[in-house]
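A.B. asks: Listed below are the residues making up each chain.
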Amino acid sequence: MDSIFFYIVAATAVISGILVVGCKNPINSALSLIMTFFSLATLYVMLDAPFMAAIQVIVYAGAIMVLIVFVIMLLNIRIESGKRYMHTRVMGAILGAVVLIETLYVIMRPASQNLTGGKGPVDAAMVLNVGHTELIGRALFTDYLLPFEITSILLLVAIVGAVLLAKRKV
Amino acid sequence: MENGMIFLGLPVAYYIAMIAKVLVVFVCVLLTVAYATWAERKLIGHMQVRIGPKRVGPFGLLQPIADGLKLFFKEEIVPAQASTFAFLLAPLIALIPAFIAFAVIPFGGTIEVGGYKLPLQIAGYIADQPSGKVIDLNVGVLYILALASLGVYGIVLAGWSSNSKYSLLGGLRASAQIVSYELAAGLAIVSVFLMSGSLSLQQIVADQAGGVANWYFIRQPFAFVAFIVYFICSLAEINRTPFDLPEAETELVSGFGTEYSSMKYAMFFMAEYANMITVCAVTVTLFLGGWHEPIPQVVSIGGWEFYLSWANFVIKVYFLIFVCMWIRATYPRYRYDQLMALGWKFFLPLTLLCVVGTGAVVYFFPNGFWGALFS
Chain A
1 MDSIFFYIVA
11 ATAVISGILV
21 VGCKNPINSA
31 LSLIMTFFSL
41 ATLYVMLDAP
51 FMAAIQVIVY
61 AGAIMVLIVF
71 VIMLLNIRIE
81 SGKRYMHTRV
91 MGAILGAVVL
101 IETLYVIMRP
111 ASQNLTGGKG
121 PVDAAMVLNV
131 GHTELIGRAL
141 FTDYLLPFEI
151 TSILLLVAIV
161 GAVLLAKRKV
Chain B
1 MENGMIFLGL
11 PVAYYIAMIA
21 KVLVVFVCVL
31 LTVAYATWAE
41 RKLIGHMQVR
51 IGPKRVGPFG
61 LLQPIADGLK
71 LFFKEEIVPA
81 QASTFAFLLA
91 PLIALIPAFI
101 AFAVIPFGGT
111 IEVGGYKLPL
121 QIAGYIADQP
131 SGKVIDLNVG
141 VLYILALASL
151 GVYGIVLAGW
161 SSNSKYSLLG
171 GLRASAQIVS
181 YELAAGLAIV
191 SVFLMSGSLS
201 LQQIVADQAG
211 GVANWYFIRQ
221 PFAFVAFIVY
231 FICSLAEINR
241 TPFDLPEAET
251 ELVSGFGTEY
261 SSMKYAMFFM
271 AEYANMITVC
281 AVTVTLFLGG
291 WHEPIPQVVS
301 IGGWEFYLSW
311 ANFVIKVYFL
321 IFVCMWIRAT
331 YPRYRYDQLM
341 ALGWKFFLPL
351 TLLCVVGTGA
361 VVYFFPNGFW
371 GALFS
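If you read the protein sequences in the order shown, they are chains A and B. When we follow the numbering used here, the leftmost residue of the first sequence carries the number 1, and every step to the right adds one. When we follow the numbering used here, the leftmost residue of the second sequence carries the number 1, and every step to the right adds one.
Please keep in mind that the hints were generated in silico from the structure rather than gathered at the bench.
With a Cα cut of at most 25 angstroms, we get these calculated DSS-like pairs of lysine-lysine:
no., chain 1, residue 1, chain 2, residue 2
1, B, 74, B, 54
2, A, 167, B, 345
3, B, 70, B, 54
4, B, 117, B, 21
5, B, 165, A, 24
6, B, 133, B, 117
Just chain A, same shape as in the assembly:
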């Protein structure tokens, strides 16, 4: 039952991922991307990580994609311009090949070195007893406090920079 559901969700994710780059209309691409995020959120739920799923939907599908759709609407782009440049295709092919080789390398490794075989300090029993949200919160605000704060400052700097660039008189 679980694996059938997984294949349905995975197929949806892959197909909508292909549609993101395949659609001519930018809004349809954006919608496909939202679909991909949703499929990923479903996969997180299946991995007993509902917090990640909720954040995935709130942040990516709910906030970032709304901004992207907003910009597409504001510029009122109907159809992507007909020109397709050769060098973008070559670069895309090279990058795609690199990612494919990396993925294959990870999958083909023996099971002992497998990424999914490696065990961290958190196991399934802990997630069920303590709770997924509590574990993330505790890790984020104790062990990884400094990276967390640095990331927030980085985002703040980005916001200030964007305001400075966008507004002529500050």
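Add chain B to chain A, keeping to what the hints say.
C.D. replies: For chain B alone, kept in the frame of chain A given last:
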């Protein structure tokens, strides 16, 4: 648990109860949507010294059915230059999140059917029957926030796909407004997290048991501010008056819905009312004690708890819906720059203050704020 058939690891009774709960809640919400339109016209009518609908049925009670039939038999028109797929998809995206948010809202206590305990919450179940401990989605509040953030796509897509100036402007306004106010509404809920220490709606409601003094909105001063801010920001998020700029008819005809006709228009209309009911139900659950009664000793009479628990919830939700309509009859519409300034320069800093303040009160007064203040 021990008797009865097992299907996919759960007793069959569980599935039957689940389907029954879904049907009951769905029908109740649909009926409330239909009659909220009637109540709103009637209420605003009387507030403006008019009578409101009265021709169809006694007191105009059949008006929603007549309206539904009228909209159903109107001609379906899709503009020639519209993006057909997005145009057809938009009303559905607007309507569905409003309804499925009800899956996690606990609308009553636990009832017993044939010796099998059932929680009155669609997404809740009791695995351990003797103790009666309800297990529900442990990120219920985030689920509601996630759905609220998806409702905007319906409006945005409607605005964009119609290929009309009014629709596009309405859609742009709506997306900017919803994204702005979502932030303040989400931060206002953080106060609730701080007080409850949980994201599960069952636990948030359980924590508010024992009379009106335990309800979150009155537990400490910052929580009251958070409650008011959350309610106002939610009104803005669902485009209710005084924040209904996306469909300001004096400037934008009908905003994002200009090009829609027939059932597709009705779906946007239903989405607006369903959103209002959802927001009121969420506010009741988070701040107004959920399904708990205001004075526990007086109303806890043997055998009546089952009726009281959901009746409490329904009364509170209907009262908030009444407040929404009252606000609509009272206030004029905001101007767009005022709306944005209010959201970003007033509500957002205020909610940040609420987060800090609530956290400080929870930390320094672990045994309750008012008790420590008056002893």
